[in-house]
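Fit chain to chain and form the complex, with the hints in mind.
Chains A and B supply the protein sequences, listed in that same order. In terms of this note's numbering, the first sequence is residues 1 to 495. In terms of this note's numbering, the second sequence is residues 1 to 518.
By construction, these hints were calculated from the structure, which means they are not laboratory data. None of the values given here were measured: they were computed from a predicted structure. All the given hints hold, so there is nothing to weed out.
Computed list of chain B residues with no C-beta within reach of chain A, every gap over 10 Å: (1) Trp8; (2) Phe25; (3) Leu110; (4) Leu195; (5) Arg271; (6) Pro437; (7) Leu460; (8) Trp463.
Taking lysine-lysine and the DSSO-like style, the derived pairs with C-alpha atoms no more than 27 Å apart in a straight line are: (9) B:Lys406 / B:Lys481; (10) A:Lys101 / A:Lys36; (11) A:Lys163 / A:Lys151; (12) B:Lys27 / A:Lys376; (13) A:Lys151 / A:Lys36; (14) B:Lys165 / A:Lys376.
Which bits of chain B does chain A cover? Going by a derived footprint, with three or more residues having C-beta under 8 Å, they are: (15) 131 to 144; (16) 155 to 165; (17) 171 to 183.
Cβ coordinates follow ideal geometry from the N, Cα and C atoms, glycine included.
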Amino acid sequence: MTSYGSDLIVILPELIVVAAACLVFVLDPLTPHSRKELLAWLSLGALALCIGLTGGQISVLNLRLPAFSDMVVVDGYARFWKLLLYGVTGLTILMSLPYLKAEGLHLGEYYGFILLALSGMMVMVSGADLLTIYLGTELMSLSLYVMAGLKRTSPRSLEASAKYFVLGAFSSGLLLYGISLLYGLTGSTRLNAIADALGTKGFDDPLLLIATILLTVGFGFKIAVVPFHMWTPDVYEGAPTAVTAFMAVASKAASFAAFLRVFIEGLGGLRGDWSNLFLVLCVITLVLGNVVAIVQTNIKRMLAYSSIAHAGYALIGVVAAGRAAGESGGTSGIASVMLYLTFYAFMTLGAFAVIAMFRKGGLEGEDIADYTGLAKRQPVAALMMLVFMVSLAGIPPTAGFLGKFYVFMAAVEAGLSWLAAVALLFAAVSAYYYMRVVMLMYMREPEAAVIDSPHLVTSPALSIVLACAVAGVILLGLYPNPVVSLALQSVLMLR
Amino acid sequence: MQTGGFPWLTVLIFLPLAGAGALYFVKETHARVMALVITAADFLVALPLWWLFDSSSSHMQFAEHVQWITSPPIHYSLGVDGISLPLVLMTAVLMPLCVLISWESITTRLRTFMAVLLVMEGAMIGVFVALDFVLFYVFWEAMLIPMYLLIGVWGGPNRLYAAMKFFLYTLAGSMLLLVAVLVLYFYGGHTFDILALSQVTYSASLQMWLFWAFFAAFAVKVPMFPFHTWLPDAHVEAPTAGSVILASVLLKMGAYGFVRFSLPMLPDASRMMTPLMAVLSIAAIIYGAYMALAQSDLKKLIAYSSVSHMGFVTLGLFVMNQEGIEGAVMQMVNHGITTGALFLCVGMIYDRTHSRLISDNAGLAKPMPRYATCLVIFALSSLGLPGTNSFVGEFLVLIGTFLWSKAATVIASLGIILAAVYLLYMVQRVAFGTPSPRELPRLQDIGPREFGTLVPLVVLVFWIGLFPNPLVSRMHASVSKTLETMARTRVAPTSHPSAAHRPSIVLTATDQPQADRP
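So here's chain B without its partners, still in its complex pose (with noise of 0.2 Å):
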């Protein structure tokens, strides 16, 4: 890990956090160009570290390190490799055109929106750098705030319910993170430092325990199966914004928290669950998908083929071998793309007709031709064309799972054609069906704004698609490091080897901490 150098991540968290208070300073009339041109500064920020990353190397890159807490040695600890890259990107590519998507659709409060869009941004690339695992709870949790104001202030009819039930539900899962992370600290040698705790050998039944503890974090946040409901109430009530910050990046929060300390630090506990998860990853696939087979709402299909696409994320994790892991990530960054995409569809024909069922945006192919074309290409991206992006993701998915069990990838697959089904359902009704003459009048064609905020993700949806090699490629070395790592920590569930220099630690009976205290 290499110190020192500009230190890009701390802008790339600041410059947001420092642009919502400044904010406050300008007029409210000015407040969308100002949040516009931060967020552009925070891409352009984040932009050559594309360039600039060692795709060779599996170390964290851009580290930064500095003692924030003494005691307990708390460090604001920062750094990005081939996994959490692409997340930071793609956060950062998105956040300028959720400024745009907002631009005349929010008339209420506008500075504060935009100052909540703000700290929500710093706060979500700081759960994606964050190297220390205090820090990284403290920005995992202050996004709730933020994200819960978004919903329940600027949201459709029924937000406070479903700002509350997002706010509970995820407060309830990160509750038992935190107990396992100071856990971590006693049996994993007095740190916090998410690295060093990767190197640690914990016994069986404790990696089991902190597994659930885990679970209930990132479960809920991805949402795996059980745990989704409050996604389609979350997404349904929140502003176009919110709905994509949630869809693209909040719920791939989840996902980054199994791979980056689920898979390294609790390899066994993993290993033996990995049925249980490939289990729930399948319901959720198949369950996500009939019920968006079923949906009239268009918000509330794309929040349950959410659901479906995060089944095969969480799939590609468990099967842990290096094209499922690389699959996930893949397939992360994929449906950020494709489904923030089209959350901001939904949210332009919703500006429009203020109606997001499907029976009242019909037949939108006459009308609107540029709208209707960008939103077919993000349905056949969604539903994995070849060609497209998440065809990519979702391919290397199924060969990771190929590998672990054959029937598992055939009942998988199935998703995928369900997910055409219910697209091209959904495709054929709004683009090609009748319009209601009721609506025609207000059925303008996209303008230059809303054109802008679309085309940068059609770029990206074909550009991954069809040369997935430079994404693949950068996130290789990280990967292959996360399989060593679970590898070399593997244990026979009673005893361990104890490393030399490292506190050596057991569960024992009664529960006590042996490590020896400094």
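Extracted from the complex, chain A is given alone in its bound form (with noise of 0.2 Å):
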């Protein structure tokens, strides 16, 4: 029992995540409705305690705290995963604030299904046993589910919930039967003993083949890789945006996490085969990302293609990983993935904190030629909005090429100079939807003067959303040493 006291410690901050999430659900029907924000600030308040408990860890990064007979584990590499999974709810939670008063949407489950979503990706960057990722990956979803569908008179939310659901679901049956094969074929789910099994085998097994596959597809409609990503543009489009910003960083980037964990913890060995199967999908996730995004007039739809050509290039660092040589060649490849969603984090919720903000008679103003002359009514969210633009364009000196230059650089390490330049080359097609929201917030004038034209309706929530986005962006871009040498230090190690 004693040993059970010290394995709650280590996941303390899961504890207070859940702890927090469940204290919403009884407070809620008790707090009056125009009090609602009590919440969030209780939400946030745990979010900040959390912080506290990782950030103080992370100068011992070497700690490696397992739990639960390995089932779960603290190292570094979680720790790097969480902190920013608290930041990105932080920011999301202060972005909900006005939205959702805005949408007359301001429901007190809302702040406890973000809760247990973040609990759930916490045991997914944490998790080191298939099935406890599993899990993970299930709390995760479901809260997201249902959080897609809280625009509960909008039949675009409803379909986009419903949607996720079903393709959600199913491709959690498939990473559930492919954890299933893989117990057969090794005697475990822990990654560490599948690891062992299987040693150097390789692909001749053709039930190891068919294992992997359907991991592959699994955690591939979580980040959202082409030929996986169907779900994505409807359920960005119909989900209320901060909730679409919430999933497209913070589900994006613990999928993310959980995947590189299973795949150089668990199938390391493999990793001369899978690199083959994740370079084609990153080839084609990049080319259609990039091309589809291009014909959007949607800008949360466009934003989805975007995030996908995104998880593209964070793909192309697993590749690195999975193709250096060496003993510790991976590190780069691994290293630049964190980063890589790191930057990538910052910028896209910058840009969806513009999006949920920006009004039109009432309604969110999503067409993206809503945004026509945005600089003459509103500079200052167009600048905002430019600086997010230019950075998922990958243009310095903003973190957005940070992002890529690492990324890139993995590749080049790794033997794979043509496939940098190739993703350089779609790099320059990403610029043209991006510029072309530059070109018409501040080349454009609006059609004719309508009286209720779109504006955006700032708060001060607001503003700390759109400062931290607006500081990360520039700051990481110009100096990036901390989260680098964060990320160096906490890589995972390929066995």
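Structure, rendered in structure tokens:
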């Protein structure tokens, strides 16, 4: 029993988040409708506590704390992702406060679900057992299904929720099937035991190939790479914008974290084989994501395709990690994925924060055309959107450039210069649709003087979010050293 | 490379950048004065470098070296040599003039316009003085957004198309440059230091790949012959200051890239590609000149003359001898002065008649004598009249070309004749034609502000034309060093002498870097 106590201390942040979520659900009926923001502050308080707990361990990077007989592990890698997830969740909550009010959706349980999703993600990033990771994935996904359908009166939101649920459930089934096959082959669901059992087998065993493919499909759905991306545009478009931001950033980051851990720690012996598989996915993701984004007229759909493309860029790091020769070769690849998603988090959150508060006649202004002439009416908002778009396009001196820089550096190091060249050419393609938003904001005049012209509703909470995002994009673009060294020190070791 | 002392270059880069931010703290009506003060101050900071520069040394001077990003090692590393010094000074001279020419012609969002100009200045100087490849790339790319805004917000009727075309062309070109930078890092001993990378010998096949990657970025920027189509569009639509910056500074960056990176780092590939580069350059000279002949729009005419003149620059660079490269660098500066001045002239007349068509702007010598005088001086300089600046540059380039191939020289010289044809024909109509009565009342001669914009350039035209030696002597040592670097790294295509202290690098069949990792 005493060992259980120490196990519980290891997962204390998770416990705090879950407890806070439960508290929110209990307190929700007791809070009057006008005071729901108290629940948001409660959630933020819980997050602050977690940041303190996890951040306090950051100085002891090599501290590896396994718990529950190796089902869960809190290592530097998990701490890195957790800190990122806390930050993203905190900013999402801040963004949601004014957004939900403006949409007339200020429901207390929203904050409960967001915390539950966070706890699922935390389990995902520190899961060292396929089943733990699966449980975390499900907890996250189920919460997100509900959040996507939060706008109960909007058919689009309901469609998004239903679609997300059906496809998500299907992909979870495939993931579970892959896990069971792997268990049958190796006799364990624990990642290190799987790695030991597999040794350096390779894909000679067809079942192993099938298991790997099933795992890839399951995770590919969560991180939205082509051809498992079909749900993304519809769900991103239909879901409430704050939820879309949360899905695009937090869920993608957590899924990448778990995906990397499974394939590096568990299936690291097969890396020569799976890296070929991912190479194909990576190239088609880059091509399709970037090309289809060009023709979008809805900005949320455009960002959905752009998020698919960004998953492709992050995947380059995974391929590079798999291809890298030598003992420590994978480090730069894994670190580049961690950095890419960190930088991506700031710019994407920022862009969605602008979108979330962009109103046209009481509704959300989602058409790209609504941004016409924004620079005249709201120069500060337009300037921020410019910064986010430039960063998403990967142009220095923003964080987006450095994210690409590290990923491509890992690719070139792994001997994949051609992949870097292809990806960079598609980055030039992506610049077209990002710059089109800039063009509309700065270079076009609105067609006619509409009385209810689109405008940005500002609020203190939103200003905090935007300030954090802009500061993150620019400061990390100019001085990334702290984050880079943290990522390099907390990468997973290829076995 | 001596370090320490006053951080001249940092001040040069960051004064305008800080100024751009400061503009937002003054009243909109004061933005012009403030921008003028900042650009003038930047020029005053740049000016002492001319005398402080030690022309006998081929080393990087006024160097600064600070660690920027620890992993991978990227440094904030700056310095100028005889090749970059004239370009930095030229940029610093032109920017106050760009502010002056926009004094009245820019009426919308004046403050932002000035801020964008200042950001451009910082980034452009950064490109010329960066000694770390990543730092260079950051400045190189960071320039795109302000230029995009400059064309797209304050440009002519077709500005959106032109801005996007400019942006995508140059961005696509520079993307391959980034891959090349990363490849060089792994094959060149795990460093981004431009000087260190220039000392490493790369295998012939790797050089070839890198050469094309560099080419994609630099040839679009120059622009060399088949990649020039963005240039007329961008020039025509950009506001006057934008055209001046484009023609005078941005085009030089491509040529600067060739001389700073392609030649010293990839000497074998450059030598192998010399015939092709010469053919493309001569094609640009002739084609640009022919296109200029056919234009009725003044800005387009000058834009195509740019293509032609930049052909001389690339020709001079790739014949790879002292005269050729010195002539090319001279020509870079001269083209910056002369073509910048011509664009200023077109801007002035456009402010009056709101037309850039030659037919609308005929016969200006009577109503606008001062203007016509300046225009004729710059046109004569552009066609390479002895006594003006361009003569020196083009002459040196042709000498260099003569040493390489007599036939090429003969064909390239045709470009000079054609230049005389299209420029004199233009001058004949614009200065000495019959003015249309409709426009006459609007044609007031240039005032003190406009005159003040042109006079410094007139002085430079004659000063460089008559006394080129101060300029040539400053670049002499650096050009010799570039040639020495090229000669020293000449290798047989298959093997290379391994330097004992340096990681020896060869391109193996599997494309794996074999550098010893630290």
